[in-house]
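Protein chains in written order, with my numbering: chain A, 594 to 905; chain B, 83 to 531; chain C, 114 to 386.
For the record, the hints were derived by calculation from the structure and aren't laboratory data.
Careful, some of the hints might be misleading.
The calculated EDC-like cross-link candidates involving lysine to aspartate or glutamate, where the alpha carbons are at most 16 Å apart (straight line), are [what the hints assert, rightly or not]:
no., chain 1, residue 1, chain 2, residue 2
1, B, 315, B, 522
2, B, 503, A, 762
3, B, 267, B, 250
4, B, 503, A, 678
5, B, 224, B, 310
6, B, 475, B, 310
7, B, 502, A, 762
8, B, 205, B, 418
9, B, 376, C, 150
Computed footprint of chain B on chain C, listed as stretches where at least three residues anywhere in the stretch have a Cβ under 8 Å from a Cβ of chain B [unchecked claim]:
no., segment
10, 144 to 154
11, 169 to 176
Not the full set, but computed from the structure, chain B residues with beta-carbon under 7 Å of chain A [as the list claims (entries may be wrong)]:
no., residue
12, 166
13, 190
14, 207
15, 211
16, 343
17, 348
18, 352
19, 355
20, 356
21, 494
22, 503
Keep in mind that this is a model prediction, so the values were computed, not measured.
We put the beta carbon where it would ideally sit given N, CA and C, even for glycine.
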Amino acid sequence: MEAASSERRAGTRTAGRRLAAGRRVEPAAFLFLAPSLVLFVVFIFWPLLRTVYLSFHGSDIVGRPTIFVGLDQYQLMLSSPTVRDVLANTFLFSLMTVVPSLVLAVVIALLLQQRIAGIGVFRTLMATPFAFSVATASVVFAIFFNPGVGVFNSFLQLFGQHPVGWLTDPSRALASVAVTTVWLQLGYCVLVLSAGLGAIPEELYEAARLDGARALAMTRHVTLPLLTPTLFFLLVVTTITSLQSFGQIHILTRGGPAGATTTLVYSVYVNAFAFGNSNFGLASAQAMVLFVVVLAVTTVQFGVLERRVFYR
Amino acid sequence: MLLVTVVIAACGSSTSSPPPNPLDDKASPPAGGVELQFWHGFSAGANQDATNYLVSQFNSQHTGSIRVTATYAGNYDDTFAKYKASIQSNQLPDLVQIYDIGTRFMIDSGTIQPMQVFIDHDKYNVSDLEPNLLGYFSISGKLYSMPWNNSTPLLYYNKDAFQKAGLDPNKPPRTLAEIRDYAQKLTVKDSSGNVTQYGFGAAIYGWFLEQLTAQADQQYCNNGNGRDKSASKVNLNQPTDVNVVDWWTKMVGDGIALNTGRNTTDAQNAFKAGKMAITLESTGVMRGFQSAVKFQLGAGFFPKPTDTTSGGPIIGGASLWIVNKKPSYVQKAAWEFVKFLEQPQNMAYWHTHTGYFPVSKAAQSDPSDVAWRQQYPLFNVAIDQLHQTKLDKASQGCLLGVMPATRQAAEVGMEAAITKKSPPQKAMDDAVASIQPQIDQYNQAVGKS
Amino acid sequence: MSALSRTLTYGLLAAVTFVLLFPLLYAIAGSMMTPQELASYPPVLVPRQPRLQSFADVLRAIPLLREYANSVIVSLCVAAGQLLTATLSAYAFAFLRMPFRNAVFAVFLATMFIPWEATIIPNYLFMADAGLINTYGALILPFLAAGFGTFLLRQFFLSFPRDLYEAALVDGCGHLRFLTTILVPLSRPALASLGIYAFLQAWNQYFWPLLVTKTEEMQTLQIGISRLRDIESAVAPNFILAGTVLALIPTLVLIYIGQRHIVRGLTAGALRG
Numbered sequence: 594m595e596a597a598s599s600e601r602r603a604g605t606r607t608a609g610r611r612l613a614a615g616r617r618v619e620p621a622a623f624l625f626l627a628p629s630l631v632l633f634v635v636f637i638f639w640p641l642l643r644t645v646y647l648s649f650h651g652s653d654i655v656g657r658p659t660i661f662v663g664l665d666q667y668q669l670m671l672s673s674p675t676v677r678d679v680l681a682n683t684f685l686f687s688l689m690t691v692v693p694s695l696v697l698a699v700v701i702a703l704l705l706q707q708r709i710a711g712i713g714v715f716r717t718l719m720a721t722p723f724a725f726s727v728a729t730a731s732v733v734f735a736i737f738f739n740p741g742v743g744v745f746n747s748f749l750q751l752f753g754q755h756p757v758g759w760l761t762d763p764s765r766a767l768a769s770v771a772v773t774t775v776w777l778q779l780g781y782c783v784l785v786l787s788a789g790l791g792a793i794p795e796e797l798y799e800a801a802r803l804d805g806a807r808a809l810a811m812t813r814h815v816t817l818p819l820l821t822p823t824l825f826f827l828l829v830v831t832t833i834t835s836l837q838s839f840g841q842i843h844i845l846t847r848g849g850p851a852g853a854t855t856t857l858v859y860s861v862y863v864n865a866f867a868f869g870n871s872n873f874g875l876a877s878a879q880a881m882v883l884f885v886v887v888l889a890v891t892t893v894q895f896g897v898l899e900r901r902v903f904y905r
Numbered sequence: 083m084l085l086v087t088v089v090i091a092a093c094g095s096s097t098s099s100p101p102p103n104p105l106d107d108k109a110s111p112p113a114g115g116v117e118l119q120f121w122h123g124f125s126a127g128a129n130q131d132a133t134n135y136l137v138s139q140f141n142s143q144h145t146g147s148i149r150v151t152a153t154y155a156g157n158y159d160d161t162f163a164k165y166k167a168s169i170q171s172n173q174l175p176d177l178v179q180i181y182d183i184g185t186r187f188m189i190d191s192g193t194i195q196p197m198q199v200f201i202d203h204d205k206y207n208v209s210d211l212e213p214n215l216l217g218y219f220s221i222s223g224k225l226y227s228m229p230w231n232n233s234t235p236l237l238y239y240n241k242d243a244f245q246k247a248g249l250d251p252n253k254p255p256r257t258l259a260e261i262r263d264y265a266q267k268l269t270v271k272d273s274s275g276n277v278t279q280y281g282f283g284a285a286i287y288g289w290f291l292e293q294l295t296a297q298a299d300q301q302y303c304n305n306g307n308g309r310d311k312s313a314s315k316v317n318l319n320q321p322t323d324v325n326v327v328d329w330w331t332k333m334v335g336d337g338i339a340l341n342t343g344r345n346t347t348d349a350q351n352a353f354k355a356g357k358m359a360i361t362l363e364s365t366g367v368m369r370g371f372q373s374a375v376k377f378q379l380g381a382g383f384f385p386k387p388t389d390t391t392s393g394g395p396i397i398g399g400a401s402l403w404i405v406n407k408k409p410s411y412v413q414k415a416a417w418e419f420v421k422f423l424e425q426p427q428n429m430a431y432w433h434t435h436t437g438y439f440p441v442s443k444a445a446q447s448d449p450s451d452v453a454w455r456q457q458y459p460l461f462n463v464a465i466d467q468l469h470q471t472k473l474d475k476a477s478q479g480c481l482l483g484v485m486p487a488t489r490q491a492a493e494v495g496m497e498a499a500i501t502k503k504s505p506p507q508k509a510m511d512d513a514v515a516s517i518q519p520q521i522d523q524y525n526q527a528v529g530k531s
Numbered sequence: 114m115s116a117l118s119r120t121l122t123y124g125l126l127a128a129v130t131f132v133l134l135f136p137l138l139y140a141i142a143g144s145m146m147t148p149q150e151l152a153s154y155p156p157v158l159v160p161r162q163p164r165l166q167s168f169a170d171v172l173r174a175i176p177l178l179r180e181y182a183n184s185v186i187v188s189l190c191v192a193a194g195q196l197l198t199a200t201l202s203a204y205a206f207a208f209l210r211m212p213f214r215n216a217v218f219a220v221f222l223a224t225m226f227i228p229w230e231a232t233i234i235p236n237y238l239f240m241a242d243a244g245l246i247n248t249y250g251a252l253i254l255p256f257l258a259a260g261f262g263t264f265l266l267r268q269f270f271l272s273f274p275r276d277l278y279e280a281a282l283v284d285g286c287g288h289l290r291f292l293t294t295i296l297v298p299l300s301r302p303a304l305a306s307l308g309i310y311a312f313l314q315a316w317n318q319y320f321w322p323l324l325v326t327k328t329e330e331m332q333t334l335q336i337g338i339s340r341l342r343d344i345e346s347a348v349a350p351n352f353i354l355a356g357t358v359l360a361l362i363p364t365l366v367l368i369y370i371g372q373r374h375i376v377r378g379l380t381a382g383a384l385r386g
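Hey, can you work out the whole structure from these sequences and the hints?
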């Protein structure tokens, strides 16, 4: 993730310099790279090309590519009445998972920085969500969300509220899936941020304290700026993860109700693999869109945001 | 990139050979006997146990000649998807259980041997099978797959709740309008206005809409429900269906029905927990309901959209398909196993242990079956319902290559209406529009448009 | 810190911990309740008479131990494979002279930005054509190499004292011997981090195993758990929760006991650079 910055640093290392002073090439290098390269070609680059290929073809009833259809699949996808919903859901889902995850994780990580007795226990326990996978978390939350007998609605009623259709109301379902996701990745985000906080040299705090900085000011002017590389890392990771989210949607809502939680990835799944569809052409066109979206988002994040990151 | 294209095109080209006639092939079985791979869609539970019992019975009767290995391949949707995938990878099973709505695809896939071939060759008598069952799985008088685990939907209700609401616990509602009346009386609120018991609730399951369409004696897709020739359009937006969706929407909107979403498990749990007094489900869950509920369980005929005498439910569930890409002795062995499952005493075992239909009249009059139904009279409801159904194009059900996807589209439409995203007519119009390209593509691909 | 702010801090910590722990606590409690208790209102949070029946039911209904074994086998193989391929390629990038080194390294980095879902259809078709559907091969092969691992180890190797490397070569130590006898033992922390990271990633996978496994015997744990809702004999929540609790045990133990090591594994990417 920190590719750019590490490149910069690697360049100044003596190891890097001396290597460039080329003597003869070592053939062993190719042998050492071969396993990875072969695997990348077989399972990443070649399939990517094949996705492009498939997206320009029709398919027969079991999904084998048939004739070249040009941009028909893309046209079909764009003319579908649901395309805007799918893109909006994808975008909204990212927003609803990334922002709360990062904000909550910062708050919790700062809370865990307090030097008080027993903080280690809290730190250990708060990592609990991290023990859950997408599947286990979704299965448990599905039980919470049950409109008739789920515990979330029971709590609402205890507090005098009316029960709601967490997953059955289209205006709520995406948020409910997002809540599950935020909970699931909070453990990870807190762990990473805590590690980031731990790496901030104590002297900096001491210096700030000598300057008379108060707790809030210290957080604002010392901690957060020094935390930006970690935050940036988390931002990139959680954004990509959210764009790729599948399990929670598959388990909780199957893209419903009425398409309210159908994201790009889920749409690829439905067209290619669900309900005996095997419409690989259309699904490949959607997969290409996913590829471009992920690429665009990461490029923007690296291009625009990385410059504001405070590297030590 | 051009090279890539050429290579892939070469790999992707399909070679479909004509199905070998299993009776011409002179290949002889291996000395150790025939190994049969049988895929089914039953997860652990009564159905899988019964399947395994019957398989082991068969195996012990055919020691040294045939050995069946039964494999759970995931739920119906998964089994179907996996069968499709295995056509690609040429790793087909020998015998497979596929749900009703996969019928058209199975025939078009060119990978199956019609049951009729074996029936004609063996002079096997199918006249004892329930005509409604034969009706669904026959196309132009030819039986393609053997009915096995078949069911119809029923209306289940909570007799205790009926009593408390002053309703006759032995008179379940028969029409949608009646359900609404009952549900109003059955809905109970606590002091703070929260509903503790809804009058009605069922999974948003496309199967129910298909059934209600047939109950109204309407066809779900064109060209005689796809039985005169390949269907090219679905009728999801016809008045009957829109009225059903409208009824459902209002039930939920008025707070007398609980919307538990598409997952049938969630609806079942809510019904079992007494959260809703009336629900719709398959005959196949009757045993599960009986053992789980703490109240008196009632079952009635599946409702009709309006008070008519015509129309009836479609026979649902799944059937057995023999794969044709295998040597003749494998196919014949599979046929032996199919015949075994259809034997009256085995069918009676199947019925009494799973709740699925006894597909033949002989099975229904098997002493074990009769005795069992005396003990559990609710199981008569499904049989009576079937016997009262006149077999016609509507109750035969729609035959469509992309039926699984269509059911999905119907569910999206129903959900859009029930959750007030779009008005019922528009929701169902959208559903029809969304599935049309897939129907066209499918028909184009099999050259039947 | 004043007594008031100390109390406040503890209160806040306790509240947040409760929220983060609730799903686990509820799953454990619920797995020991009856279906009636789970469905009752007001909600019951502690079973009146804890029962273990649901655990026995789950173990009977699905081959959970087999699914466990599948997940362990797959995750271990993936972790071992990534360690091997990443060590080799990182070594090449860090120590060996070759043309276009930066370009090749860019190719490795590029793999991190191609979402697996964008290539999932051709990969699935490839497995189908190769007859690998429903085998360990399909579950393992695509993940044996990862750009992230190479990146991580290269960073670590670059910080390695160059003199030691040259001295070893002067002594007639071949690349492989240097790698196995000197570099790997010294890089154990980085390798452990990558191993844990790769293991957990493989352990948690959902989409791909969902597509390429066909039978219960080949399913990974994650798929088995998500399928509990399809089990017709016992769709009650207590049963599903019991299965979930059983599935969580290894990762719970891992994060409660080995948290420090995991933190290093997971944050390796974040803190270097």
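Hint check:
1. B:315 - B:522: holds (9 Å)
2. B:503 - A:762: At roughly 9 Å apart (the allowed maximum being 16 Å), residue 762 of chain A and residue 503 of chain B satisfy the hint.
3. B:267 - B:250: The given pair, whose Cα atoms are some 12 Å apart, holds under the 16 Å limit.
4. B:503 - A:678: holds (13 Å)
5. B:224 - B:310: Roughly 13 Å between the alpha carbons, so the hint for residue 224 of chain B and residue 310 of chain B holds.
6. B:475 - B:310: holds (9 Å)
7. B:502 - A:762: holds (9 Å)
8. B:205 - B:418: Answer holds: residue 205 of chain B to residue 418 of chain B is near 14 Å, not above 16 Å.
9. B:376 - C:150: holds (13 Å)
10. 144 to 154: The restraint on the segment 144 to 154 of chain C holds, since 4 of its residues have a Cβ under 8 Å from chain B and three suffice.
11. 169 to 176: holds (count 3)
12. 166: Holds - the Cβ of residue 166 of chain B comes within 7 Å of chain A, reaching about 5 Å at its closest.
13. 190: This hint holds: residue 190 of chain B lies near chain A, its Cβ roughly 6 Å from the closest one there, short of 7 Å.
14. 207: violated (33 Å)
15. 211: Where the cut-off is 7 Å and the nearest Cβ of chain A is about 27 Å from residue 211 of chain B, the hint is violated.
16. 343: Result: holds, 4 Å to nearest chain A Cβ.
17. 348: Nearest chain A Cβ about 6 Å off; hint holds.
18. 352: holds (3 Å)
19. 355: holds (5 Å)
20. 356: violated (9 Å)
21. 494: With a closest approach of 6 Å, the residue 494 of chain B hint holds.
22. 503: holds (5 Å)
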